[in-house]
Amino acid sequence: MVTILIILAIVLTSFAIWQLVRVFEGTSKLKDDSSFVPTDAENSYQGKMMFVFMLGYFAFFAWLYVEYVPLLLPESASEHGVLLDQLLGFNFLIITIVFVVTHVFLFYFAYKYTFSKDRKAYFYTHSNKLELLWTTVPAVFLAVIIVYGLSAWIDITDEAPENSLTIELYPKQFDWTARYSGMDSTLGASNYNMISTFNPLGVITNGSVAQMQEELKADIVYYQEELEKAPKGGIKDEELTESIAKRKRQLERVASFEGLSAASLVSGDDDILVKSEFYVPRGKSVEFIFRSRDVIHSAYMPHFRSQMNCVPGMTTTMNFIPTITTEEMRAKTNNPEFEYMLLCNKICGAAHYNMKMVIKVVEQEEYNKWISEQKTFNESIQPADEGMASKISISGNEISMIEQ
Amino acid sequence: MATEAAHKDDHHHEETFISKYIFSMDHKMISKQFLITGMIMAVIGMIMSSLFRLQLGWQGESFWILNFLLGDKWAPDGILDPNMYLALVTIHGTIMVFFLLTGGLSGTFANLLIPFQIGARDMASGFMNMLSYWFFLASSIVMISSLFIETGPASGGWTVYPPLSALPQAMPGSGLGMTLWLVSMSLFIVSSLLGGLNYVVTVINLRTKGMTMTRLPLSIWALFVTAIIGVLSFPVLFSAALLLIFDRMFGTSFYLSDIHIAGEVLEQTGGSPILFEHLFWFLGHPEVYIVLLPALGITSEVIATNARKPIFGYRAMIGSILAIAFLSFIVWGHHMFITGMNPFLGSVFTFTTLLIAIPSAVKAFNYITTLWKGNIRFTPAMLFSIGMVSTFISGGVTGIILADSALDINLHDTYFVVAHFHIVMGLSAVLAMYAGVYHWFPKMYGKMMNRKLGYAHFWLTFVSAYGVFFPQHFLGLAGMPRRYYSNSEFPMFDEFVSLNELISVFAIVGALAQFIFMFNFFYSMFRGPRSSQNPWGSNTLEWTTPVDPIHGNWPGPLPVVHRWAYDYSKPGKEHDFVPQTVPLEEGELDGGAGH
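Here the protein sequences come in this chain order: F and X. In this text, residue positions in the first sequence follow our numbering: the first is 1, and each later residue adds one. In this text, residue positions in the second sequence follow our numbering: the first is 1001, and each later residue adds one.
Take these hints with a grain of salt, some might be off.
[To be verified] List of simulated lysine-lysine pairs, BS3-like, C-alpha gap at most 25 angstroms:
hint, chain 1, residue 1, chain 2, residue 2
1, X, Lys-1373, F, Lys-120
2, X, Lys-1452, F, Lys-117
3, F, Lys-284, F, Lys-332
4, F, Lys-129, X, Lys-1373
5, F, Lys-360, F, Lys-275
6, X, Lys-1373, F, Lys-48
It is worth saying that the hints were derived from the structure and are not from the lab.
Generate coordinates for the entire structure from the input sequences, incorporating the hints supplied.
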């Protein structure tokens, strides 16, 4: 490919040099007024080029269409996606007609009405009839597009039905975690102050609140020891004092969660957290809830024609009904490796391009089997041995080192 | 009259090199300063796009040039670093949208054309005009300087959404690079406001005798309305930038809430990144029209002049400019359909956005009708203008898809969007800017540009521009997100490797073609043949000024206007053009008066 580029560059440069030579030749000849405007030969040549370009442009469109349309996304794997694909098809039909017709007129007129000394242009300043025509005709088509589009939009953004399966998708730089509500069908409360190695989503339960307090206290002790060692009045001294104050404030906030109702403090215990892939049952409405730990991300599931931003500090939602299992889609696309993917589609940092999760659409029985094999949140926050908790919670940086 | 007296003084007024070329208050010189600064910025932005197209076309391959230009830190072994990739994308966008197509385009042509075409000696305030340029230059220098700092320039995308842009922990580019970006943009906004106010005041107050609003050329209408949009919307971006500076520097929480990053809890709560998005797009969408309207204005002039035919539907064209300007302020939410906004609000924005298609369609149809039964001379400027009408349509129709909130769900932030706005806004404005330069070069330098080089430049640019952006619609429909450093993580995009390669080849050929223009521009500036007073046979007032520009524009009294600007090929006239200064014959109706 590099060689092709080099060849292109050489061709272009030689072309430019050839043109330069002609400039030098031409300079002396350009004297009188008429030489500033294109010659008849130039006009006729450029007029024809306009027509040729039009044909080339349409041919390029056709080639891309034939070559790449079969490689676009497969049929929609969600119920509302079918509706969207129809809407897209309808809109494409209209705009393709507009595109082709206007381009034919544009380039054909450019070609047909090329300059001639013997002719005068038609002095035609305006026509109320024509202008009314091309104000109202687009308006009518747009009205149809608007009504059709908005009816689909209202349908898609409708709230999820009561019996939906709730899944929280929680991004951070640079991965996703999915959380299921477990037996009680309620996601436990969560808060960013509660985030730690064991609790990546900051779920609030009796166990996690106690554990978080312990961690913060251990941190404070650690920093106080460091503070004693640090020279008085230095930058280090200031930093450590600030870190201690900050953790004390966080500790207060964490302690306040103990005041939540008893029910909400246990509802997170049976939540299930999974990474790298998550399962949804076919034919059941899935309601997604999105938050974000750090920056804005966007949960993009193109196969389901679904996308929603994940914004720190707020919750967003979206729902759909998956209709085709992963296995069925593999058969349909003739691709045994096919997977539904969750992508991040809002710029979020260096590794934005590989933030992904596999979505498995399976039959209800298989889903039930899979979900029963997953660890609950309560199980996952129990440290393997007693010593681990205090050892890990020294500081944020060290946590991530141990994690890796 | 005061202006007359001032003008007589000019003959005795000796100008030094510095007052003539550097701290100039003459609108013609300021226009050239804007143009050349914009061109330098454009070359930088264009080289950046070629660099990241190398990565996107041949992902993960090593290129000597990347290492040569970016060094070992940002392109070790000739492979682009992901952070640098995002930085290039960000600064490319910022430069092209603001420095080339706002500062460069409006700055050049508003300065050049407003006094010339309304028959004024200069801008209302020459000093403010000079300040406007110097703020622009300062902001350009600050922006470029951010390329040379250790942590790299801003890299959160040209829309700089917080928290990514607010937190240096989130990415290296959000450190000093982002601070410089904000400083640069603040200076830029000051420049834009100084310029914009000046343009508005000049058009309202300094029109010469007989130059009623309904005799103004469409270029002036477009630049006038653009300036109004800018004056109304840029302050909102300024406030957004200011609040972001507060969040970054002083621990406020306008945009930040509930964040845990780099192992630490941030104590800011109560803010919302969505607030920033609203403030940003309240400028950001009118900004699209700040870019596009001058382009449409230039195209109107060039097409009418070279089709030797009045622009069709002059009043409808003014009406559509005004309608677009008004609607541009109530559509910003279409950039935010999937931020979780209330679906009803989304419906409202879909409705208003799709309405813009009506005045836009009127403009496109009117251009085509202007060509119908014309007598078309294919000057390079005319080719670029016809090209612009084509890109305006090609890019505009896909807007109908993206404006539809339901369809936006699956296309938002994909290459479909990249294709759409590059064609409708980027290409249209760039092609029109070229049209403007080729057309008014004789008025800037008293010389002619070379036509043959102009033809070569047009065709290479036009073909490669479509070659780059047209296929990107298909990438977007396949679900490929923009701003991805590499697609190799997703097997679903494997089929598009060769298409990406093709796009990159076109991008590089297109970039190289711009050097033909550069050569033509600078060569003609010094060695081009001397222009005549009115080389294109044009009606507007700038062509009644002397070939060698003088202070105050007209040697004698100001011209008096008797007719609209579009009496081309009027029946019963000897020539196929009638300058605006020619009095109406008895019983002759003025075309602009709407008969």
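Right, here's what the structure says about each hint:
| no. | hint | result |
| --- | --- | --- |
| 1 | Lys-1373/X / Lys-120/F | 9 angstroms, holds |
| 2 | Lys-1452/X / Lys-117/F | 21 angstroms, holds |
| 3 | Lys-284/F / Lys-332/F | 21 angstroms, holds |
| 4 | Lys-129/F / Lys-1373/X | 18 angstroms, holds |
| 5 | Lys-360/F / Lys-275/F | 13 angstroms, holds |
| 6 | Lys-1373/X / Lys-48/F | 16 angstroms, holds |
Taken one by one, the earlier hints all hold for this structure without exception.
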